[in-house]
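Please put together the full structure from these sequences, using the hints given.
Top to bottom, those sequences are chains A and B.
So that you can map any letter, position 300 of the first sequence is 300 in my numbering, and since no number is skipped, the others follow by simple counting.
So that you can map any letter, position 79 of the second sequence is 447 in my numbering, and since no number is skipped, the others follow by simple counting.
Please note that a few of the clues may not be correct.
Residues from chain B that keep clear of chain A, each with C-beta distances beyond 12 Å, as calculated [as the list claims (entries may be wrong)]:
| id | residue |
| --- | --- |
| 1 | Ala374 |
| 2 | Pro437 |
| 3 | Glu483 |
| 4 | Thr486 |
| 5 | Gly524 |
| 6 | Leu585 |
| 7 | Arg605 |
| 8 | Ser669 |
| 9 | Gly697 |
| 10 | Thr704 |
One-sided and incomplete, this derived list gives chain A residues near chain B with beta-carbon spacing under 10 Å [stated by the list, open to error]:
| id | residue |
| --- | --- |
| 11 | Leu38 |
| 12 | Gln46 |
| 13 | Val50 |
| 14 | Pro279 |
Bear in mind the hints are in silico, worked out from the structure with no lab data behind them.
Cβ coordinates follow ideal geometry from the N, Cα and C atoms, glycine included.
Protein chains: 2
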Amino acid sequence: MREIPATWMRGGTSKCWVFERDVLTVPGRSVDEVLLRLYGSPDPRQVDGVGGATSTTSKAVVLARSDRPGIDVEYTFAQIGITDGRVDWTSNCGNCSAVVGPYALRRGWVVPTGEVTTVRINNTNTGQLIVVDVPTPSGQVTEQGTERIPGVAQPGLGVQLWFVDPAGRTTGALLPTGNAVDVVDGVRVTLLDAGAPVVLVPADEVGADGEVSPAALDSQEDLLRRLDRIRRIAAVRMGLAADPAEAARATPKIALVSAGRPASSDVTVRMLSMGRTHPALAITGSVALTAAAHTAGTVLSDFTAGEQEVLRLDTPAGVVTTRAGTRDGLLAIGVTRTTRRIGDAILVLPDDEPLEPPLTVLAAASAS
Amino acid sequence: MREIPATWMRGGTSKCWVFERDVLTVPGRSVDEVLLRLYGSPDPRQVDGVGGATSTTSKAVVLARSDRPGIDVEYTFAQIGITDGRVDWTSNCGNCSAVVGPYALRRGWVVPTGEVTTVRINNTNTGQLIVVDVPTPSGQVTEQGTERIPGVAQPGLGVQLWFVDPAGRTTGALLPTGNAVDVVDGVRVTLLDAGAPVVLVPADEVGADGEVSPAALDSQEDLLRRLDRIRRIAAVRMGLAADPAEAARATPKIALVSAGRPASSDVTVRMLSMGRTHPALAITGSVALTAAAHTAGTVLSDFTAGEQEVLRLDTPAGVVTTRAGTRDGLLAIGVTRTTRRIGDAILVLPDDEPLEPPLTVLAAASAS
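The following block contains the structure:
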């Protein structure tokens, strides 16, 4: 038995366990094995670990203080598989990105200066610089806040995340195929890499209701299968996989897009994450949508005015607003998130356990 | 902001947060308010707290060392409401009961003696004595184990729980109406109080498939409504509520029962918890089922042999086995559970937050 320190934080609409990189080094076991065991995976209920049995609550933030100039924190995101026994390191999570600044300030990795302190983060999954403005009233580290975002009932500390020059961090180009629109599986889509690689599918191209609820979308198995096929073919076109079957589950992401409601939003979006409808919106996806709105000829061009500074995205949890601005003299896409520290923990990692019986138990459980 | 120590443990098929009673005393706030805020309730996702957004993962175990003779630990169970903003203290949870013995041993409240140490627990919700046998090899406290139970993929420390003389702890009688069978809403049912008050409904009496999967049962809204109506009328007959509308959500529990599969089980059971199908079986419910099997003329009499020592209950997660035995010279019903400490934590309780805006946010989220 081994004890591993970790901090549980809400970042935006996600719950994220924060680990300092060194604590995941366990003799004889890979980092993936350690994380899967701590989270109670594989198990659809993750009942024997810290995982929350949904994609937005089975996430890890791995941090180390940076010794590189201009970077305060090296940040690696991990999506912990619930039933597949795998850890996906191929993408970032924008919601969890929001916890890194407050964590670094509390930990003393960054010294607060003035009313707002900027924390500079390198996301190692995507090579993306994320600059985060964290409130530090009177130069003091603070954890409690009163800001609110859609999809979260309680207030939190509001932080402003800027994804600096986000284009092409994974594939090398904003438009990896060179086209603003591609036809994949007979459907007009935009394949774009900013914040994360995404596939934008106009809802009417696949006969879907753009304002469908997550539960209703999750019940449309034929549509979900078709979207996953489009996503996998797109992965190959974007240079992310050699073959559709090899496409990672988390990359690229895919979203249905349609017109917004004139009074309140510019674009309506329903994003899928790990094969299920996201209850709100992956924030890296909102970066991609903002970049798409600023790029001529994409499938978003029908809905948006182009160079608008503020973009309002209608999600199942409410309207998420993004901004286009400048940081370090480069185009930066800004999103506001709230965070809260839920608690500090010492997690128990059991000694190695025999692998064979759990499979038997699972089979018996599913058969009965 | 206030910090509250707690320990997260798996007990059987539940995840339970353990609090020592005194830590929940917070000036100006009720224990219910403290628990709801820590768990992130009300919110269907409990994303801002430690709740797991399901009935089996939104539970609290409140403990105090006992100064009464023959009792080691005073144990109070709380079911933390997810969306209704309420804490239900009306029933015990048998799965969470399994964590109390190992917690008391680790905490030094009970001194280990020999290969197995007995911990004597008073459940204050039901006035039930629970005697738990915990392995202490060579007289040492141990936390890791290799035992397995249906519904949990990983092994854990196996403990044997004995519910001593469990009849009538809540209502005063094993059969609160005096009858082994009652007719409620036109249906033959058994109303019984042992471990917890339960309503046993033969599946064929309501036209249900006794072996239905939890997902399929949860999708049958008419049936769920009918079962809840039966449950609420039964609550009045059992003296648990003055009026069906006032029946607690967690008490009595209700279960569909039907014949087992001859080779593997005696009874098939699908139990509801907080209006949804339990993924396995409430252990307090298994105590009630065992008592019903030992009582002549109940709706279980059709399926069971009566005085059998071992009863095999077919649940969605696999077969749960109970035993009838003797402790303190009284009839005791025994169940094996496994437990694991997931971690120790210091949870953050924010200062009071304004109440009005969350409701607005929730309304906006559900409307959009």
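For which of the previously enumerated hints does the structure constitute a violation, in increasing order of number?
-> Hints 1 and 5 contradicted; others consistent.
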